[in-house]
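A.B. asks: Chain by chain, the residues:
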Amino acid sequence: MSAKSKLSVVILILSVAALFASLAFAKQDPEIKQCSHQCRVQQQFDEQQKEECERRCEEYHREKKEREREKEHGFHPDRKLRECQSRCMGQAQGEARQLCRFRCQQRLEREEGKRQTKEHEEEDEQEHNPYVFEDRHFYTATKAEKGRVDLLAKFTQNSDVLRGIENYRLALLVANPKAFIVPNHFDADAIFVVTQGRGKISMIQEDKRQSFNIETGDIIRVRAGTPLYLINRDDNEKLFIVKLLQPVNRPDHYEVFYGAGGGNPESFYETFSIEILEAALKTSRDKLERFFDKQGEGAFLEASKEQIEAMSSHEEGSEGGGIWPFKSDSKNPFNLFKKRRPSKSNKYGQLFEVDTDEFQHLKDFDVGVSYANITRGCMTAPFFNSRAIKIAIVVQGEGYLEMVTPDSGRRKSGSSYQKISSRLRPDTVFVVPAGHPFVTVASTRTNLEILCFEVNIENNVRYLLAGEGNFVQQFEKEAKELAFKTREAEVERIFGNQDEEFFFPGPRQQRSRDYE
Amino acid sequence: MSAKSKLSVVILILSVAALFASLAFAKQDPEIKQCSHQCRVQQQFDEQQKEECERRCEEYHREKKEREREKEHGFHPDRKLRECQSRCMGQAQGEARQLCRFRCQQRLEREEGKRQTKEHEEEDEQEHNPYVFEDRHFYTATKAEKGRVDLLAKFTQNSDVLRGIENYRLALLVANPKAFIVPNHFDADAIFVVTQGRGKISMIQEDKRQSFNIETGDIIRVRAGTPLYLINRDDNEKLFIVKLLQPVNRPDHYEVFYGAGGGNPESFYETFSIEILEAALKTSRDKLERFFDKQGEGAFLEASKEQIEAMSSHEEGSEGGGIWPFKSDSKNPFNLFKKRRPSKSNKYGQLFEVDTDEFQHLKDFDVGVSYANITRGCMTAPFFNSRAIKIAIVVQGEGYLEMVTPDSGRRKSGSSYQKISSRLRPDTVFVVPAGHPFVTVASTRTNLEILCFEVNIENNVRYLLAGEGNFVQQFEKEAKELAFKTREAEVERIFGNQDEEFFFPGPRQQRSRDYE
Amino acid sequence: MSAKSKLSVVILILSVAALFASLAFAKQDPEIKQCSHQCRVQQQFDEQQKEECERRCEEYHREKKEREREKEHGFHPDRKLRECQSRCMGQAQGEARQLCRFRCQQRLEREEGKRQTKEHEEEDEQEHNPYVFEDRHFYTATKAEKGRVDLLAKFTQNSDVLRGIENYRLALLVANPKAFIVPNHFDADAIFVVTQGRGKISMIQEDKRQSFNIETGDIIRVRAGTPLYLINRDDNEKLFIVKLLQPVNRPDHYEVFYGAGGGNPESFYETFSIEILEAALKTSRDKLERFFDKQGEGAFLEASKEQIEAMSSHEEGSEGGGIWPFKSDSKNPFNLFKKRRPSKSNKYGQLFEVDTDEFQHLKDFDVGVSYANITRGCMTAPFFNSRAIKIAIVVQGEGYLEMVTPDSGRRKSGSSYQKISSRLRPDTVFVVPAGHPFVTVASTRTNLEILCFEVNIENNVRYLLAGEGNFVQQFEKEAKELAFKTREAEVERIFGNQDEEFFFPGPRQQRSRDYE
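Sequence lines, in order, name chains A, R and Y.
Residue 516, in our numbering, is where the first sequence stops; the numbers in between run on with no holes.
Residue 1032, in our numbering, is where the second sequence stops; the numbers in between run on with no holes.
Residue 1548, in our numbering, is where the third sequence stops; the numbers in between run on with no holes.
One or more hints might be untrue.
Incomplete in silico selection of chain Y near chain R, CB under 8 Å [claimed, not checked]:
| id | residue |
| --- | --- |
| 1 | Ala1176 |
| 2 | Arg1180 |
| 3 | Gly1196 |
| 4 | Val1471 |
| 5 | Ser1475 |
| 6 | Thr1478 |
| 7 | Val1493 |
| 8 | Asn1529 |
Calculated from the structure, these hints are not laboratory results.
Cβ atoms here follow ideal geometry from the backbone N, Cα and C, with glycine treated the same way.
Let's have the full structure, built from the sequences with the hints guiding it.
C.D. replies: Written out as structure tokens, the structure reads:
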């Protein structure tokens, strides 16, 4: 039994509990017992799952009670929680909503001081951390049996500190094996990065079609309004694409138009008056109705093996133009990993970067793309970008982030900066504004792989704060002495001990005798 | 007695009426009689002015009553109407105000369900249609006996869906025969398009004057701050100019400075202290006062036949520089119609477009200009622009528009798009955002002529949804089959029936036997 | 008697009434007598100081009374004043705060009509003048014994008329003799202009250091995020730098990061977890703590004579690269005054301008820099910029400004423009939007020196309204006649009397017999 179906059972039990609750209203709460009992008798649950199930019964019960109290007294300390959870209703569906609600609950518990031990100090800070986005900040833009698109909330939803990137949106596409994503266009410029899988993309250009096989590491520039369709060519593996979007009509909002295709999703053809459609397509009403009225399964369809093979083979041909390597539109897609060496590499990690001169499309967009693979237990050098704003998403692995931000609140008490910390897990998105020093650390169990978009890449300089090439080494002797109020030799020793470049052994990976 | 001082008298009378009213409160309204009496006894009023004065008494009285009723009952169904009509007061003058007030009335009637038959389904939708602007959305920026300038409300006034063009404003200039528009400059970049008439424009460049005869179809780029003056050279025909403006000081607001010229409009020279003016012009106070204190008739004056002839002839000479075809500022103005063939043409319509490479000025502005003449009873192909936002104004004729927009409201019930419809009449302005499919149809009585500005024209692609060159024909066989859930042959038939390009016979123009 | 003078009488009567009321209200307090007595007996005060002291007693007393009344009644008409003064608390320190509070007081007095004589008509208008910024609009960003940085409030703080420059900030740096400003970077692009003194700036570029001696008139372009440090090389003279900043992360906000340097200001290094720092610098915790835990004296330190000499000599060497004249980064800094002639010069003033083609860095920024030195008693020609928005700061001397702005408020009563006037004193900042005619006049006692940044300089044209080269002279004969409703000869005489270019004798400097 999959985790998903188990979750469904939990939800079912909760529903039963709710029903029972409404019957047993105002009595001495037998409902929680009933709910727990239902958990216990699930044959397919192992012991841990039964416990989890019971815990949820209790949670549900507490929630219900609070809601009743709230109704009675008009106010309740948990109003914040309720608001939090009601936002879950609006934004997410299914699993995501459950997770969202659960997170609200966790937050409440922490706030009420019920949880005696905090797992991570970071967890708490994260609550009001406008630079980090997690599952609960994504909502479902499109969902079908064969795949889904999740859209990250606006970067400025909770805070205006990221106003500099308010015109960008981030979305994740997951397509099941053999899925066909029906033709569509959207009013945003986009960069697609394939983070896993093997697919094919076809884009209709002015008067020809460009089709490319795509695979892990491919970067594709999609101009606003370009009609395109996609397939996952693989029989077994899912296809994952991260999209950075820049809307053209409204600063922070874009729309997808499913045009060619009938039924579900509705084609925009059907939105026109039938007499307009008759005249435009020179086809009678009844034929059009039959043509467009085919109930579909949504934006993600399953293609047959033959269809996939046929479409894959097209990319070798020249029909429709635009086959890799094609002349008309230089180097689209462009692979991060192939035929190129990492720009930084040692046993502690590797950094792959797209040179915008190589891939002109990124230059037009003024965005850089890079991919860091940090060896488990290791870390990046602390550094800052002089003018680029980094939008990063964790692709694989776990770890954590530390970032320095100015702290206007504490400034009066003398301290100018605060540390922003956050756990990093797959799909965690974090933003590092220009000038802000930061560091990422891989957990001791897994490598940490991070895909980064760097907005405003033109003339950006990366300033390293430690290790080989750190910027302090460029100071004059007297500046070193004045800045650090010590002898030059001491400054040189401190900033010279670390002789690795960009990737270092992480905390607790160097034994103390390694330290000077 | 000047118009201004007459107005003062009216205001005085109204004030007296108000005073009287407050004393006579709750009585059988002698105040309106008193007010009317005061109007009648004004010796300096002619008959028409007396009537106008009385009309205002009545208006004032009605408003007062309503305000009282509102106070009494806390609510009044007509408050909306009153608010609507009071906006007319502020914004428009003369006919425009009447029309504005009438429209308010119509709206009220519809809302109260008094009007049993709705003329057009569209009328209703239009009320909340943020993409279409009509007479009531224009207000009078400048008005004189010899001409006027009407300025369209901000595109974002009623809705934020057009935020992408919030930095553009649209204005219409109408100059009577022989009108001279006094020198002025404005803090906005502009594109002028002459939609009718014969005039002449003179722009003061850094150290020379550029003068051109202008006529229907001419496009002139006017840089922000350039002092200019205009004449309508024709003895009989009005001169119509459509202006697209992009303010430079504030995103959505611009100001006109009437500088050289005395009296009305006030010259900005007169705003300086008299001692500054004395020192700047090295001229004594009394001479300056005599020079600037010449009561004018407003920004639009009547030039004599001789003056027009003299000024027209200048453009043939070389005095002051800048004669067509002049070298210094390539191809300003540029004519849409002359020496060029329409980019699309058949018996159903013609499309004229400016190639931005030809007219460099538009490239700087990133705006395209086109002009469609749709034969009566015919229509354009449904299409969308990949990244350009179209700002269109109907120049001649009637017809209607259908546009597909995403419908966030209905989305939950499964339908993703809604149809935006609107009647098109002369001066109707409509905006089509990038990616939004739309179609325009000429009425069966008249051709429909539309002037379009296309903002963000760089790299824009027009995707045709039907007829010759439609984008579905670019799909691969398998994509056609998957997208439309039918055989390829069927898709090709449906999208191949219409073999005209861009302009088609409209609905009800093709007999049903014409349809496949 | 004109309407205007009648209005004045009414205001006078109201003022008298207000005065009478304030005298008749409440009784004499012993506390204020005591305070005044204390002022009188101060031996060290001269007569003027004693008066000032007494005035403050009264102020204090009035404030106390008001605060009491406010507490009692929950509301007070002077709440506005209190709010005004409390803003002083937040924003300024020492003298500046006193001045700020005094200004609030003045405003109150004017509002209450108690002050019978107005020193300057301008003072009053200035209160609601969104184009002029004075001491009270600056707040202290950094303050140390050896120097300070004052940051001007957002240009849009009080009004949205300057939205066009909302993304720019202005700051003033003053460094004491021999001050060293510790290494820092900020998330904004910047232009530094040295308005007085002799210093040295070192900027860390990607892989080298650029160091330059700087002096009065030098313009330095500092790219966002570039680590830099500064010294005042002079033993006696302060170093003054005006900075125009354009934030990169958030439109109107930037932050300074003091990175290299321990103690106070806190180094951002210390913000990271100690275990991160250990791993990054490969140095043990106790050594790091000792290294960074050196209490400093703030961001401005005093360098020794030897250190200054050593650092100054570096600029002759080539160590670290980037010595003037260096190749790598053309002409940074660039001097306004050296090796160049003023673009306008006569005995009434001089104008120095940077040609953006000469100094490529300004072109990237789309900003021009100019410096006007107006001879005492003289003035600039009235002029407007076609598209540039001028941000000006008075460097030396006194005088005043007159600017024409559209007056939406008065427009209904027929007058379209209003005069904005303001006294100019050192550090007064004023903004002139594109298209707005204005003039600056030096006082009869001192020259007036103004540093100007001109945003949107590309394609800007300066239109002179009087003197040699004024734009009216470019009009055709008929346009002159129509615009001014007089004979051409008369127009030519009025606009030809003043034959100086750009700088003229000011008001009251030309005897009336000089005027035509």
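A.B. asks: For each hint, tell me whether it holds in the structure or not.
C.D. replies: Cross-check of the supplied hints:
1. Given the 8 Å rule on beta carbons, the hint for Ala1176 of chain Y is violated: about 38 Å separates it from the nearest Cβ of chain R.
2. Look at Arg1180 of chain Y: its Cβ only gets to about 32 Å from chain R, farther than 8 Å, so that hint breaks.
3. Checking Gly1196 of chain Y against chain R by beta carbon gives a least distance of about 5 Å; that is within 8 Å, so the hint holds.
4. For the restraint placing Val1471 of chain Y at the interface with chain R, the shortest Cβ-Cβ distance is roughly 6 Å, inside the 8 Å limit, so the hint holds.
5. Hint on Ser1475 of chain Y is violated. Least Cβ distance to chain R is approximately 14 Å, over the 8 Å limit.
6. Hint status for Thr1478 of chain Y relative to chain R: violated, with the closest Cβ pair at about 18 Å, above 8 Å.
7. For Val1493 of chain Y, the interface hint holds, the least distance from its beta-carbon to any beta-carbon of chain R being 5 Å, beneath 8 Å.
8. For Asn1529 of chain Y, the interface hint holds, since its Cβ comes within 8 Å of a Cβ in chain R; the closest pair sits about 4 Å apart.
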